[in-house]
Every structure is written in structure tokens, then in C-alpha cells.
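Trainee: Take the sequences, apply the hints, and build the full model.
Read in order, the letters of the sequence shown correspond to residues 11 to 163 in this note's numbering.
It is worth saying that the hints were derived from the structure and are not from the lab.
Careful: at least some of the hints might be erroneous.
The list that follows gives simulated cross-link-like pairs (lysine-lysine, DSS-like), each with its CA atoms no further than 25 Å apart [stated by the list, open to error]: (1) Lys-90 <-> Lys-135; (2) Lys-14 <-> Lys-28; (3) Lys-89 <-> Lys-126; (4) Lys-126 <-> Lys-88; (5) Lys-75 <-> Lys-126; (6) Lys-28 <-> Lys-75; (7) Lys-135 <-> Lys-88; (8) Lys-89 <-> Lys-75; (9) Lys-90 <-> Lys-119; (10) Lys-90 <-> Lys-75; (11) Lys-88 <-> Lys-75; (12) Lys-135 <-> Lys-89.
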Amino acid sequence: MQFKDIIAMALSSLGANKLRAALTMIGITIGVFSIILVMTAIGALQNSIESGISFLGSNIFQFAKYPVNIDAGGANVKKKYQNRRNISYQQAQRYYELMQGNASEVCLKCFGRDLKGQAVYNGVKTPPSLTVVGTNRGFLTANAFTLGYGRNL
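Mentor: See the structure below:
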């Protein structure tokens, strides 16, 4: 059997089984595009996560009562962590002292959960939805923030 005969037999089989051939080709096409779509989505998600945490650097360690993404989980997730003991000021200060010399910057911070405020200066007001944060001098460096105006209190 020559190559020409094999091609002729394949084409005649396709002609005789048009529906089967079409369904097979559609299935293969959908499968290939699904794999491409999933791989693209995974790559985009990975890039998003990496860029989102890249500002922390490789030598940042944080401990907190609540996880960083607590607001994304809804009310049930908040209830899960609210029974944890609060981190006292003495515990945070002890951690600060232990880390001196071991870290380039030690940042203590306390976010006011559900506590919002408004900044007013020379009659100019911000929206009343600013999150209130108590912190020390290492906050800007540890979180890769820059101060536009004023001073870091």
C-alpha cells in the first residue's frame, strides 16, 4: 500500500463519517484552547500575586491576629479569627527589641478594624473613609511607601 492509497482511504473515511470527524475535530480544538486558557489564567494569577507581594521583599516577617486578606473571606472568616488573643503592646515591644540587629527595619503597626477617619487641613477634607493606622517609624520602609508631604510621625 502506497502513501497515495493511505491518503485516499483516509479522505474516503472522513467523507463517510462526517459527523464523527467533525465532533472529533471540535473536541480536540476545545481541549487545546481550554489548556491554553487555563495556562494563561494561571500565569496571569501568578504575576498578579508576585507583583502584589513583591514590595515586601524577602526578609519581611509579619505576625498578626488576623490574616492580611481577612476582608476577602466575609463574616464567617472574621469570626474564625476573632477568638484569637489580641497581641498586647508589651508583646509587640518585646518582639521589636528581639528583632533589633537581626532585621534592617522593624515595623509595629495597629490597624483600627472598622475604624474610619477624615483628614482636614486648611479647609480641605478627605472622604470620611480613611483607615486609621497606628505605627512606628519603620512602617514606610517596611511597606515600601513614600511620604508625599509632611513628616512621618
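Trainee: Next, verify each hint and record whether it holds.
Mentor: Status of each hint after checking the structure:
no. : hint               : in the structure
1   : Lys-90 <-> Lys-135 : violated, 36 Å
2   : Lys-14 <-> Lys-28  : holds, 21 Å
3   : Lys-89 <-> Lys-126 : holds, 21 Å
4   : Lys-126 <-> Lys-88 : holds, 18 Å
5   : Lys-75 <-> Lys-126 : holds, 19 Å
6   : Lys-28 <-> Lys-75  : violated, 63 Å
7   : Lys-135 <-> Lys-88 : violated, 31 Å
8   : Lys-89 <-> Lys-75  : holds, 12 Å
9   : Lys-90 <-> Lys-119 : holds, 22 Å
10  : Lys-90 <-> Lys-75  : holds, 11 Å
11  : Lys-88 <-> Lys-75  : holds, 11 Å
12  : Lys-135 <-> Lys-89 : violated, 34 Å
Violated hints for the displayed structure, listed by number in ascending order: 1, 6, 7 and 12.
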